[in-house]
Amino acid sequence: DTGVSQNPRHKITKRGQNVTFRCDPISEHNRLYWYRQTLGQGPEFLTYFQNEAQLEKSRLLSDRFSAERPKGSFSTLEIQRTEQGDSAMYLCASSSGQAGSQHFGDGTRLSIL
Amino acid sequence: QKEVEQNSGPLSVPEGAIASLNCTYSDRGSQSFFWYRQYSGKSPELIMFIYSNGDKEDGRFTAQLNKASQYVSLLIRDSQPSDSATYLCAVRKSVGGGADGLTFGKGTHLIIQP
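Each protein sequence line maps, in turn, to chains A and B.
The first sequence begins at 1 in our numbering and counts up one residue at a time.
The second sequence begins at 114 in our numbering and counts up one residue at a time.
No lab work stands behind these hints, which were simulated from the structure alone.
Heads up, some of the hints might be wrong.
Claimed, not checked - Simulated restraints on C-beta separations:
no.	chain 1	residue 1	chain 2	residue 2	range
1	B	ILE131	A	THR76	39 to 47 Å
2	A	GLY85	B	ASP191	28 to 36 Å
3	A	PRO70	B	ILE224	38 to 46 Å
4	A	GLU78	B	ASP191	21 to 29 Å
5	B	SER182	A	PRO70	40 to 48 Å
6	A	HIS10	B	ASP191	30 to 38 Å
7	B	TYR164	A	ALA53	41 to 49 Å
8	A	THR38	B	ASN135	17 to 25 Å
9	A	THR38	B	ARG173	43 to 51 Å
10	B	GLU158	A	PHE74	44 to 52 Å
11	B	ARG141	A	GLU56	41 to 49 Å
Even for Gly, the Cβ is constructed at its ideal location relative to N, Cα and C.
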């Protein structure tokens, strides 16, 4: 049973560039969540999918952020026109309908130059 | 007032003693509560969840919930140096398979002294 997989592990980019991250959830999990975590803070919820439907978005998710889960399996999170404040660890989590407990991947660390 | 509050620590506990970690939350509609452990540079790892008032035990860990006081705690018995980490408290409005995202506290940094 593989866990939640995220790629890439690290991303360094220049301010103003677009970046895309991928998350592959645990195979039997139909719910997928994106969070962002900065140093010294707990993870902050960004958005959530049940199968392919995006059901909840945080006010933290500005217009520059978009997430998709086209076939209800893997998900992508894109950030357009990156800013210094976007530097963070982006975490993906998945859960099944029964327990509802969310299990996290190793995250993608984004650094904006 | 922050939605989920934790003392950031560090909390220093001698090896073999009981570590007590506390968390308060502001939203009375919160229904499910989680404790995650996070080692430096790693992602959060689920330790326990609790939905009902009272205590829930799992090995060396006990979660305690008091909804009237809006208070959640985690006790770690027989603390080991490997328990040294940041412990994150998280709450969610729904129970069980509900869809809401988690709201996390900042975490408490726990140090177990050999």
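Cross-check of the supplied hints:
1. ILE131(B) / THR76(A): 39 to 47 Å: holds (44 Å)
2. GLY85(A) / ASP191(B): 28 to 36 Å: violated (42 Å)
3. PRO70(A) / ILE224(B): 38 to 46 Å: At 45 Å between Cβs, range holds.
4. GLU78(A) / ASP191(B): 21 to 29 Å: 46 Å Cβ-Cβ, so the 21 to 29 Å window is violated.
5. SER182(B) / PRO70(A): 40 to 48 Å: Given range 40 to 48 Å: holds, Cβ gap about 45 Å.
6. HIS10(A) / ASP191(B): 30 to 38 Å: 37 Å Cβ-Cβ, so the 30 to 38 Å window holds.
7. TYR164(B) / ALA53(A): 41 to 49 Å: Once the Cβ atoms are compared, 25 Å apart, the range 41 to 49 Å for ALA53(A) and TYR164(B) is violated.
8. THR38(A) / ASN135(B): 17 to 25 Å: Cβ of THR38(A) to Cβ of ASN135(B): about 23 Å, so the range 17 to 25 Å holds.
9. THR38(A) / ARG173(B): 43 to 51 Å: Cβ of THR38(A) to Cβ of ARG173(B): about 31 Å, so the range 43 to 51 Å is violated.
10. GLU158(B) / PHE74(A): 44 to 52 Å: violated (22 Å)
11. ARG141(B) / GLU56(A): 41 to 49 Å: Violated, since ARG141(B) and GLU56(A) (Cβ atoms, about 20 Å apart) do not stay within the stated range.
In this structure, the earlier hints numbered 2, 4, 7, 9, 10 and 11 are contradicted, and the remaining ones agree with it.
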